[in-house]
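K.L.:
Each chain, written out:
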Amino acid sequence: MAKKLGGNGAARLGFLHQLEGHTDRVWGVAWNPASRSGGAPSMLASCSGDKTVRIWEQQSTVSSSSPSWTCQAVLDESHSRTVRACDWSPNGKLLATGSFDATTSIWEHVGGEFDCIATLEVKIHGHENEVKSVAWNTSGTLLATCSRDKTVWIWELQPGNDFECVSVLNGHTQDVKMVLWHPSRDVLVSASYDNTIKVWAEDRDGDDWRCVQTLAEPGWGHTSTVWQLSFNMSGDQMVSCSDDLQLMVWDSTVDPSEWTGNGGGPWKHLCTISGHHERTIFSVHWSRTNGLIATGSADDCIRIFAEDPTNVASSVSFCKVLEKQKAHEGDVNSVRWHPKDPRLLASAGDDGVIKIWEFEQDL
Amino acid sequence: MASQLINANPVVHERKARSVRQPTSAHDDLAVEPIDSLEVFDHVRDIKDPEHPYTLEQLNVVSEDSIAVDDKRSHVLITFTPTVEHCSMATLIGLCIRVKLMQSLPPRFKIDIKVSPGSHASEVAVNKQLNDKERVAAALENPNLSQMVDECLASSEE
Chain R
773 MAKKLGGNGA ARLGFLHQLE GHTDRVWGVA WNPASRSGGA PSMLASCSGD KTVRIWEQQS
833 TVSSSSPSWT CQAVLDESHS RTVRACDWSP NGKLLATGSF DATTSIWEHV GGEFDCIATL
893 EVKIHGHENE VKSVAWNTSG TLLATCSRDK TVWIWELQPG NDFECVSVLN GHTQDVKMVL
953 WHPSRDVLVS ASYDNTIKVW AEDRDGDDWR CVQTLAEPGW GHTSTVWQLS FNMSGDQMVS
1013 CSDDLQLMVW DSTVDPSEWT GNGGGPWKHL CTISGHHERT IFSVHWSRTN GLIATGSADD
1073 CIRIFAEDPT NVASSVSFCK VLEKQKAHEG DVNSVRWHPK DPRLLASAGD DGVIKIWEFE
1133 QDL
Chain P
6 MASQLINANP VVHERKARSV RQPTSAHDDL AVEPIDSLEV FDHVRDIKDP EHPYTLEQLN
66 VVSEDSIAVD DKRSHVLITF TPTVEHCSMA TLIGLCIRVK LMQSLPPRFK IDIKVSPGSH
126 ASEVAVNKQL NDKERVAAAL ENPNLSQMVD ECLASSEE
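Residue numbers (my numbering), protein chains in the order written: chain R, 773 to 1135; chain P, 6 to 163.
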């Protein structure tokens, strides 16, 4: 059961470590899901405008309360342009990286070395298609990628670490900024420069994938580019962040594959969180361990939100628990909660550094 | 490059003489002058137009009045007026302005670049592209585009 933090006491985001090495902005960070499992140390991947991916590992010593971090590997031979996104497979053995060079690379963690084991080409008719996001599903059998070419591709992992394209999803009218899988279903969501969020599910007969719902105006929707999405632990709620300076929380309880209704769609708008961010919200992440939502913004701040404990209405509402100004010397591009430790948060910024933070709150 | 110029006969203005700065009253060698719109204008006024052998100032694409600076909040809003309403060079000009300011201003500055209201047929679309950091980053990795930007900035004096 996820322990819900977010009581009424004073909250702090304490700075723990700074990971330096990238020579350009860091676009994304991803915790290895196996971090702190069975004695394994915490491991983080980061991707950058310097065209490399770095793997960082925290030394696991019992003598220090907060052991130091070292850079274990620099993956610099695969991409010829910015590496925009990275995502670990659920068992932590594979890392997918997406780049502006239009390719997706899959790396395998073998012992202490990282080897590039496959390269995906995502090109249509020879156009330039920067890959913006990569995402593994929960079982690790499917990988989704998306691009400025407005499409989303779904790939199936074959024996021998081969990938086969199973579907190309058309529908967005502009670049797709992020793809993300539901935590317990093979349902995919995508966020776009066209200001919409699309929900994709496989047909009943398993023939192909289709767009089951578009979360957009009119009705409820963002009024500018949607940058990221994140599900809560159970997957019954999803949060989105946008250039329109708002977060929106959605009810994602209903399984879209079961949806047969005509009007609207399976998922509903729950609430909008506005008035806190001064510039584009680039990143949002809903912790799987503590129930808190973290955001990273172009106003250099990290903010943390919790479900409002004083809310007596039947609807859901959120309150801001903490605002960390000048979290980075520049835009904050990515925020990610640790998969196991409810206190730890990683962030990445235009300043080229990754920071590890510790969240604390008085009761 | 198209063989037909988008705007074959632009109106050309005189280059405004640089105004003399008044010294500050409390003269302190270590004090950092707040950045104002004149300083920002000085950075962009000599950017060359992609099509014509004139600067953005001479073509009235940018002016000191089209720049708003809030030094305390580290914010710059620069509005530019393309020479014609359907100017397909608008995104390139906007990109040049952004690159020049990124090179010239302290990294703390947040820069918003827009076409002046009513001056372009695809105003909303152009503004959105110019202010999407990811689109800008990807565009600058395109060698052809990046070369065009370098050419426009080459004659800029500062």
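None of these hints come from the bench; they were simulated from the model.
Here the structure is a predicted model, which is why all the values come from computation and not from measurement.
The beta-carbon is built from N, C-alpha and C at its ideal position, and this holds for glycine as well.
Please note that the accuracy of each hint is not assured.
Here are some chain R residues the structure puts well away from chain P; computed CB gaps all over 10 angstroms [claimed, not checked]:
no.	residue
1	812
2	821
3	958
4	1080
Computed cross-link-like contacts, BS3-like style, restricted to lysine-lysine with a CA-CA straight-line distance of at most 27 angstroms [stated by the list, open to error]:
no.	chain 1	residue 1	chain 2	residue 2
5	P	77	R	1092
6	P	133	R	922
7	R	1092	P	119
K.L.:
With reference to the structure, classify each hint as holding or not holding.
P.N.:
Each hint tested on the structure:
1. 812: holds, 33 angstroms
2. 821: violated, 6 angstroms
3. 958: Check passes; 28 angstroms lies beyond 10 angstroms.
4. 1080: Fine: 29 angstroms to the nearest Cβ keeps residue 1080 of chain R off the interface.
5. P:77 / R:1092: Given pair residue 77 of chain P, residue 1092 of chain R holds - Cα atoms ~25 angstroms apart, limit 27 angstroms.
6. P:133 / R:922: holds, 16 angstroms
7. R:1092 / P:119: violated, 32 angstroms
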